[in-house]
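Q: Sequence:
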Amino acid sequence: MATLARLWSAAIRTDPAETMSASPTTFAAPPPPHPAVGAALPSARLSAPRAEAGLAVLLIALAGLQVARGMATVFPLDDAYIVLHNAQVLLAGGVDPNFAEASALVGSTSPLHLILVAALGLILPLPAGLTLLAFLGAFAYGCGLIAAARRGGAGEGGAFAFALAGLLAAHSPFQLLNGLETGLAMAAVMWALVLYGDAATGAMRRWLLWILIGILPILRPELAVLGLLLGACDLWRMRDEAGGATRTAVRRALPYAVAAGLIVAPFLVWQWVDTGTVLPGTIGAKKAWFAETDLPIGLKARSFITDTTQFLAGFGLTILPALLLLPATAAGRIGAVFAAIVLALYFHEMPGGLSHNEQRYLHVFAPVVMFGAAGLFWAGPERFGAIGRMPNAVAAVLALQAALLALPGLARYRDATAFTAGDLDRVARHAREALPANARLLIHDAGYIAWATTLPLVDMVGLKTPSSIADHRALTLPSNGTRRGEAIARIAARGAVSHAVVLDDWNDRFGIVDGLIAAGWTVTPTGPAGAYRIYRLTPPTAPAAAPAP
Numbered sequence: 001m002a003t004l005a006r007l008w009s010a011a012i013r014t015d016p017a018e019t020m021s022a023s024p025t026t027f028a029a030p031p032p033p034h035p036a037v038g039a040a041l042p043s044a045r046l047s048a049p050r051a052e053a054g055l056a057v058l059l060i061a062l063a064g065l066q067v068a069r070g071m072a073t074v075f076p077l078d079d080a081y082i083v084l085h086n087a088q089v090l091l092a093g094g095v096d097p098n099f100a101e102a103s104a105l106v107g108s109t110s111p112l113h114l115i116l117v118a119a120l121g122l123i124l125p126l127p128a129g130l131t132l133l134a135f136l137g138a139f140a141y142g143c144g145l146i147a148a149a150r151r152g153g154a155g156e157g158g159a160f161a162f163a164l165a166g167l168l169a170a171h172s173p174f175q176l177l178n179g180l181e182t183g184l185a186m187a188a189v190m191w192a193l194v195l196y197g198d199a200a201t202g203a204m205r206r207w208l209l210w211i212l213i214g215i216l217p218i219l220r221p222e223l224a225v226l227g228l229l230l231g232a233c234d235l236w237r238m239r240d241e242a243g244g245a246t247r248t249a250v251r252r253a254l255p256y257a258v259a260a261g262l263i264v265a266p267f268l269v270w271q272w273v274d275t276g277t278v279l280p281g282t283i284g285a286k287k288a289w290f291a292e293t294d295l296p297i298g299l300k301a302r303s304f305i306t307d308t309t310q311f312l313a314g315f316g317l318t319i320l321p322a323l324l325l326l327p328a329t330a331a332g333r334i335g336a337v338f339a340a341i342v343l344a345l346y347f348h349e350m351p352g353g354l355s356h357n358e359q360r361y362l363h364v365f366a367p368v369v370m371f372g373a374a375g376l377f378w379a380g381p382e383r384f385g386a387i388g389r390m391p392n393a394v395a396a397v398l399a400l401q402a403a404l405l406a407l408p409g410l411a412r413y414r415d416a417t418a419f420t421a422g423d424l425d426r427v428a429r430h431a432r433e434a435l436p437a438n439a440r441l442l443i444h445d446a447g448y449i450a451w452a453t454t455l456p457l458v459d460m461v462g463l464k465t466p467s468s469i470a471d472h473r474a475l476t477l478p479s480n481g482t483r484r485g486e487a488i489a490r491i492a493a494r495g496a497v498s499h500a501v502v503l504d505d506w507n508d509r510f511g512i513v514d515g516l517i518a519a520g521w522t523v524t525p526t527g528p529a530g531a532y533r534i535y536r537l538t539p540p541t542a543p544a545a546a547p548a549p
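Heads up: the sequence shown begins at 1 in UniProt numbering, then just goes up one per residue.
Quick caveat, the hints were computed from the structure, so don't treat them as lab data. Take the hints with a grain of salt, since some may be wrong.
[Claimed, not checked] Okay, the calculated beta carbon distance ranges per label pair:
| no. | residue 1 | residue 2 | range |
| --- | --- | --- | --- |
| 1 | 207 | 425 | 43 to 49 angstroms |
| 2 | 70 | 317 | 43 to 49 angstroms |
| 3 | 412 | 301 | 23 to 29 angstroms |
| 4 | 50 | 254 | 39 to 45 angstroms |
| 5 | 241 | 454 | 54 to 60 angstroms |
| 6 | 246 | 470 | 45 to 51 angstroms |
| 7 | 504 | 320 | 36 to 42 angstroms |
| 8 | 504 | 207 | 28 to 34 angstroms |
| 9 | 425 | 100 | 22 to 28 angstroms |
| 10 | 494 | 317 | 18 to 24 angstroms |
From a predicted model like this one, the values you see are computed outputs, not experimental measurements. Cβ atoms here follow ideal geometry from the backbone N, Cα and C, with glycine treated the same way.
Please work from the sequences and hints to get the whole structure.
A: Now the structure itself:
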C-alpha cells in the first residue's frame, strides 16, 4: 500500500509549472535563463487585459457580421431548437403543447444551460438569448486559452495568438456557436485545468476550482468524470500539504466538497423529480436508437479511430506540443485520464456518436489538447531548440494555420445554417399551414418542428417521447439495428400518428419508410420535395401480432 501511495502521489504531484513558484523548466536541465511562470510575474498580474479586450472586439465584430447577414438567431443544428423549445416550455410553466409525455427537462442534455437560456428569455427573445449565451461561452473559452498561455509566461500578443489558434482549431467555431452547451463545456474544461494548476497558490483559486467542480456535471454529464478526478487529486494534494495527515486533509477539503455538492444537488433533484433519473434521458435514447454497443469490435475500432484521428488532425501542428507536453503537468495528466475514460465509454457504448454533429462530443477534449499545447510558452529551447526561443512567433503561426484549417468548417457552418433557414423552415411551415388541424406527426428531429409549430408530435428516437426508448431497447438495440423498423412501427401505432417528417439521409441510413411499409403501413409522400419529406401514414387494416422481443 505504501508503494501505491507513493506512485499516486507522484502522479498527481503539484508541478512547478502549476504552483507558479518555480521556473517552468524544472522539467528539464539545465535551468534556462527565462523567469518563472506567468502569474508569478508582477507584470502578468498587473498588466491590462489587452488580449481579452482584443478577443471581445473580435467576437463582437463576428456577432455584428451575423446580424448583418440576418443569421444571428439561426442555428446549424436541430438540437439547438430542442433547447429553445424546452426553454419555452419552462417559461410557460412546464406545459408542452407538442409532446404529451415531455416536460422541459426531457430531451435536455444540460439542465444548467437550459436554465441560463430560460433566464435570458425573460429579458430577450429566446433565440437572441441563446445566441448571446453562445458568444459568452466562446469568450469564456478564449479567456481560458489566454490564461493557460499566460501561465506559461506568454506576453499579450502570444496569448492572443494562442487563443485564436484554440478558437479556430478543428470544428471549434461550429461547436462554439451551435446553440448548444458545447461552448460552455469547452470553457469549463479549460478553466478547470487552469484552476487546478493555480489552486495550490491561494484559497480563492481553490474555491473557484471546487465551484467549477460542482458545475461540471450539470453542464455535460461526462464532465462529472473530470470533476471527480480533479476533486480526488486536489484532496490528495491537500494531504501532501498537510504532511501526509489524511484526516487533516479531509477536514480541510470538506467545505470545498460541500460547496460543490450544494451546486450540483438541486439540479440532480430537479432532474430526478422531472424525469425519474439523475442522468439526461438523451443518453439512453441515443444508445438504444443507434444500437452500436454489440457491434463487432473491428467495426467499432474503425469508426473510433477514424473519428479521433480526424479530430486530432484538425489541430494541425498544434498537436505536436500538445502530445509532448500534456503529460508534463499534473493538470495535463488529469485531462488525459479524463479523455481516456470518456473515450473508452464511447468506444464501448456508441463509437459512431463521436462523428455526430461535426464531432460535437469530441470537442470537450479540445481544451485538453490546447492546455497541453500551452506548454510551448514554458518549455523553451531545452524542449524545442531554436523554435523554443520564439514561442510568440510559433503561436502566431499556429493561429494562421488554424485559420486556414478552419475554412472548410466555417463553410459547413454556413451551409448548416442555410439548411435550417431553408429546408427545415420550409417543412415546418408546410406542416403548420397545410396539414389537417388534427394531424399527429412522427418525427426524428425533435427541435425545429416543435419550435415552429404546435402540432402533436411523437419522437421515434425517444429524446422527447421517452416511451419510444423501451421499444428500441426491446428490438433495435439487441438486434444491432436490424429490427429498428419494427420498433418504429410500434411507436407509430401507439402514437396514432397520421404523418411522418423524415430526412432523406436518415431514411437511407435507418430504413424508416421501409420499416413502416414492412409492418403494413401505407406510406404516401405529400408536400414539397426537399431534404425533408412529409409522408401521409395509414395504419394496417388489421393489427399484426406483436413481434417477440
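Q: Run the structure past the numbered hints and jot down the numbers of the failing ones, going up.
A: Result: hints 2, 8, 10 break, sorted rising.
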